[in-house]
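Number of protein chains: 2
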Amino acid sequence: METLKIVKIGGNIIEDETSLNVFLELFSNVEGNKILVHGGGRRATSIASKLGIESKMVHGRRITDAETLEVITMVYGGLVNKNIVAKLQALNINAIGLTGADVNSITSKKRPVKDVDFGFVGDVTQVAHESINKLIQGGFTPVFCAITHDGAGQLLNTNADTIASQVAIGMSKLYETSIYYCFELNGVLEDFQDKNSVIKHIDTTRYKTLLEKGIIVDGMLPKLENCFHALHHGVHAINMGNTAMLTKTNDNFTKITL
Amino acid sequence: METLKIVKIGGNIIEDETSLNVFLELFSNVEGNKILVHGGGRRATSIASKLGIESKMVHGRRITDAETLEVITMVYGGLVNKNIVAKLQALNINAIGLTGADVNSITSKKRPVKDVDFGFVGDVTQVAHESINKLIQGGFTPVFCAITHDGAGQLLNTNADTIASQVAIGMSKLYETSIYYCFELNGVLEDFQDKNSVIKHIDTTRYKTLLEKGIIVDGMLPKLENCFHALHHGVHAINMGNTAMLTKTNDNFTKITL
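If you read the sequences in order, they're chains C and E.
Note that the numbering used here gives residue 117 to position 118 of the first sequence, counting from 1, and the numbers run on in steps of one.
Note that the numbering used here gives residue 240 to position 241 of the second sequence, counting from 1, and the numbers run on in steps of one.
Be careful, since some hints might not be right.
It does not matter which identical chain is used: a pair holds within one copy or between any two.
Claimed, not checked - The list that follows gives simulated cross-link-like pairs (lysine-lysine, DSS-like), each with its CA atoms no further than 27 Å apart: (1) Lys133 / Lys33; (2) Lys222 / Lys113; (3) Lys254 / Lys199; (4) Lys133 / Lys172; (5) Lys55 / Lys108; (6) Lys33 / Lys247; (7) Lys133 / Lys212; (8) Lys194 / Lys222; (9) Lys49 / Lys108.
Think of the hints as simulated: they come from the structure by calculation, not from any bench.
Just chain C, same shape as in the assembly (with noise of 0.2 Å):
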């Protein structure tokens, strides 16, 4: 089976000219079938806050009304994922721009309103694995914003993480599939305070034990949750780490398998 290796960055790095222009000429050295996929940042709300909009925030959660969700249609899938795209073919990688919608490529279901309405946010339902993987055939590498649509016309956003994992638990029909999560740490972390504390390796019975002695917690538990629900369904290995991790000598970064 060949490989696909999906790599999600989030605002961290597209928010810095630097910060992005080094990812990408890592990312397009990395061989064999890619996939990337970013978030938006910090930029739509700066450009929803300029433009009047305000964020509405409701247990510290965004919420997407049909203002917003204009903003990160233009910021996320206009500004950001074209400017990478054009970095990305002057980097000689035949990248191509996507949302959910583009192809069809990502269904989703509007979440419905319980304690909280969170606007206009999906939750994956659908990845038409063959048609993306056309693209990847043709030659192409699908660059992926965090919009999705519903099938019926409506975009929505969703969480760049979660479209990471749904599109590498679709392509998994197809190929062994990866994930690199980069983010502002070296990895998992055994001692939160010493950032050179990097777990190289969680399968599921060190992943009980971090749990059991109250390692991993807050935001790592429900990125840890969604990794290893990917590689129950399907995914090969999902790796956590900053963008270093996409060169070839480093190992300083979390390995994570069944």
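Take the given structure of chain C and dock chain E to it, following the hints.
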């Protein structure tokens, strides 16, 4: 030779939700291979103004400075393009939104500074017909916005009419191409005061007569010049009229051939 239809719509259709929905339904019913090209219209100007970016005009033409290019990338490449793609998906057209950077489809060169520095405006130098064809052969319908790239990482603003004709010329190597320029009028008019005086067919001979008689003037002059340029470079036929020309029964529009 298979046929390929390139349909271009302007800002007047995009700005009005109802007009856009009517048009997209007509477009979805167009049979055979097809490509959509759209401009952006006044939406970019109004968003730029809200963001405090002044529209700079020289001799009645817009100057695309760095800030304006960002707005164009957001509005044309993000907001307008992705909403069209989502709406087409709802009409069972497997659309894919593109700038010229995506699949390296349209390369351009920044317009050299002579009397006026137009800023980040690109004149098309190359259309990657093989890459665009991979998308068409994959069952996808390309939807181009009016943005190209220079291959060195820079996005550039490019006239949508030009994109339509350059893509049509490029694709003529593989298809019998025809262009449908949708605009406000019913077609090229014999008498500008009478909107029903549509000239049904213009060929090279008729074109010369119309020029001599002074019937083709003002904005129509460069439009028809571009049409004959495209026809001389492999495009089979060009149609000009309002969106009703996409219906099967209406023949009240102008058809242009050599």
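Status of each hint after checking the structure:
For the identical chains of this complex, Lys133 and Lys33 are neighbours both inside a copy (13 Å) and across copies (18 Å), given an alpha-carbon limit of 27 Å. In this homomeric assembly, Lys222 and Lys113 come within 27 Å of each other (Cα to Cα) only inside a single copy, at 23 Å, whereas the closest approach across copies is 55 Å. With identical chains, the CA atoms of Lys254 and Lys199 are at most 27 Å apart within one copy only, with a shortest distance of 6 Å there and 67 Å across copies. When the C-alpha separation of Lys133 and Lys172 is checked against a cutoff of 27 Å, the pair qualifies both within a copy, at 14 Å, and between copies, at 22 Å.
Taking identical chains as interchangeable, the C-alpha atoms of Lys55 and Lys108 lie at most 27 Å apart only when both belong to the same chain, with a minimum of 21 Å there against 42 Å between chains. For the homomeric pair Lys33 and Lys247, the shortest alpha-carbon distance inside one copy (16 Å) is at most 27 Å, but the shortest distance between copies (43 Å) is not. With identical chains, the CA atoms of Lys133 and Lys212 are never at most 27 Å apart, being 45 Å at best within one copy and 53 Å at best between copies. Proximity of Lys194 to Lys222 under the C-alpha cut-off of 27 Å is restricted to the intra-copy arrangement: shortest distance 18 Å within a copy versus 62 Å between copies.
For the homomeric pair Lys49 and Lys108, neither the shortest alpha-carbon distance inside one copy (30 Å) nor that between copies (32 Å) is at most 27 Å.
Checked against the numbered hints above, the structure violates hints 7 and 9; every other hint is satisfied.
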